[in-house]
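Chains A and B, in that order, give the protein sequences.
Per the numbering used here, residue 10 is the first one in the first sequence, and the count goes up by one each step.
Per the numbering used here, residue 105 is the first one in the second sequence, and the count goes up by one each step.
If you're looking for bench data, these hints aren't it; they were derived computationally from the structure.
Backbone N, C-alpha and C define an ideal beta-carbon position, used for all residues, glycine too.
Check the hints yourself; a few may be wrong.
Unchecked claim - If you want a taste of the chain B side facing chain A, the calculated C-beta under 8 Å gives, among others:
#, residue
1, 159
2, 160
3, 194
4, 204
5, 209
Unchecked claim - Non-contacting residues of chain B with respect to chain A, defined by C-beta distances greater than 12 Å in every case (computed):
#, residue
6, 116
7, 121
8, 122
9, 131
10, 132
11, 156
12, 167
13, 169
14, 175
15, 179
16, 181
17, 188
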Amino acid sequence: AQSVTQLGSHVSVSEGALVLLRCNYSSSVPPYLFWYVQYPNQGLQLLLKYTTGATLVKGINGFEAEFKKSETSFHLTKPSAHMSDAAEYFCAVSDRQTGNQFYFGTGTSLTVIP
Amino acid sequence: KAGVTQTPRYLIKTRGQQVTLSCSPISGHRSVSWYQQTPGQGLQFLFEYFSETQRNKGNFPGRFSGRQFSNSRSEMNVSTLELGDSALYLCASQGQGGTEAFFGQGTRLTVV
Chain A
10 AQSVTQLGSH VSVSEGALVL LRCNYSSSVP PYLFWYVQYP NQGLQLLLKY TTGATLVKGI
70 NGFEAEFKKS ETSFHLTKPS AHMSDAAEYF CAVSDRQTGN QFYFGTGTSL TVIP
Chain B
105 KAGVTQTPRY LIKTRGQQVT LSCSPISGHR SVSWYQQTPG QGLQFLFEYF SETQRNKGNF
165 PGRFSGRQFS NSRSEMNVST LELGDSALYL CASQGQGGTE AFFGQGTRLT VV
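Based on the provided sequences and hints, a complete structural model is requested.
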């Protein structure tokens, strides 16, 4: 079975500072990789995904993530945090063969300090 | 293109009752999955339906069931509600050959 580990359940950054949210996965075969964002009392919105090809992927709202197979990691970054980035972020994986069941990390709550 | 629609948004039920939640996927999507989100357990997969057939099921008791209709709309049912069933229930749809899941806004179920 797949598993996802997000290091740091709470991350605080100053407005304008670098955002770095960590995600590691456990799988014998590299899965599909995703980052989702959730605002209070809302569903999940896809930020970006990695399926194949270029290992640095760009998403919405200035976020990007890099797939590193050797480190089994898919960390999310944004060069400059905005107040509107405050939310819960989830890393997720799905199996390349079935692709219809997602395994989520426990989430990282991002606080942006003005 | 309309997104995934879940109804109702909020529900309050009493222990022992049953509840039915509804999900309309994005037009053309035939795969619908359900997830339970709680502060303690996080996001957990309940089941997935494709073309009216359950393809995959998570580790939940039989009180949790679902179905999918010919128009791909899906319902999930929870019988004999327990306090621990209080959660945000999220529905997601995927297109044919698509890799990402598109989520609805969820139904917040509170069991009292």
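- Query: So which hints don't hold here, by number, going up?
  - Reply: none
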